[in-house]
Amino acid sequence: MSKTTTRSNNPDFASLVPNVTFTRRAFVITMLGAGFALATQPVMAETVIKTSAEGLVAGEIKVPVSDGEMVAYRAQPDKGDNFSVILVVSEIFGVHEHIADICRRLAKLGYMAIAPELFARYGDPRKISGIQDILANIVSKVPDAQVMSDLDACEAWAKDHGGDMHRLAITGFCWGGRITWLYAAHNPNLKAAVAWYGRLGGVVSELTPRQPLDLAAQLKAPVLGLYGGQDQGIPLDDVEAMRAAIRKAGGKSEIHVYPDAPHAFNADYRPSYRKDAAEDGWKRMQAWLKKNGM
1 MSKTTTRSNN PDFASLVPNV TFTRRAFVIT MLGAGFALAT QPVMAETVIK
51 TSAEGLVAGE IKVPVSDGEM VAYRAQPDKG DNFSVILVVS EIFGVHEHIA
101 DICRRLAKLG YMAIAPELFA RYGDPRKISG IQDILANIVS KVPDAQVMSD
151 LDACEAWAKD HGGDMHRLAI TGFCWGGRIT WLYAAHNPNL KAAVAWYGRL
201 GGVVSELTPR QPLDLAAQLK APVLGLYGGQ DQGIPLDDVE AMRAAIRKAG
251 GKSEIHVYPD APHAFNADYR PSYRKDAAED GWKRMQAWLK KNGM
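Under our numbering, the first residue of the sequence shown is numbered 1, with each subsequent residue one higher.
Do not rely on the hints blindly, as some may be mistaken.
20 angstroms max Cα-Cα, derived DMTMM-like pairs, lysine to aspartate or glutamate [unchecked claim]:
no., residue 1, residue 2
1, K275, E46
2, K252, D238
3, K50, D280
4, K50, E60
5, K79, E54
It should be emphasised that the hints constitute simulated quantities derived from the structure, not laboratory data.
Produce the complete structure using the sequences and hints provided.
Following this line, the structure appears as structure tokens:
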């Protein structure tokens, strides 16, 4: 198979993830389905938040990327234009119903929200029942550099479809929370970012050459990090190290910890959901976005 190099329009792309090439591959996911990912079953129906699409333009779009078209979910008000744009990055479960609902919630606030299926080349995590299988067979194969390029492509799509590129933000959850930190160090056009319980440290590799802790001094937009004090996967030592690194760099980013909350406390469809922390985090996110020009 031939090889192609993924590039970005942003000038710092090469410095963030240098000398990376990717094998061209077909897109496994070419359309989005309804419902929740298999690995999250049974869904906690009594706490699931369901946001209507009434008054919105909401549904699947195709985003041109370096090697084809990537499917994504978009939601925005059905009237007006020149919307502030928020990129929404999923957990390891991909763009399933919870992420689509997050987009609709943001659209109800007046934003154009775009959630790209960033695993589209590697497999459909929504159809895999085992979390370890998702991590080993899909997530571990996704290069950070490719993700940065795909998110840049979503920015370009928004620019061509009524988005205001002077007001661009990103938010992400779990795997997407880590990506949120990376993108804040990558894209100089970004105004604000909100990372929900995204991993901060870890082993580096060719595909994941730097972690958020390595990039605290390179953040180009202020990041609000929202973390759970009882998160078994993200050590509080890492959270405090990130907080210290941000302060040392003199940046405007902040971290808030909910002492009694576990990982995925905003995932209203899972047992990890904590209503008080989730609602407070949503309010903090809205305030953060407004404070930073969104």
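The hints, checked one at a time:
no.: 1; hint: K275 x E46; in the structure: holds (12 angstroms)
no.: 2; hint: K252 x D238; in the structure: holds (19 angstroms)
no.: 3; hint: K50 x D280; in the structure: holds (18 angstroms)
no.: 4; hint: K50 x E60; in the structure: holds (18 angstroms)
no.: 5; hint: K79 x E54; in the structure: holds (12 angstroms)
The structure is consistent with each of the numbered hints, conforming to all of them.
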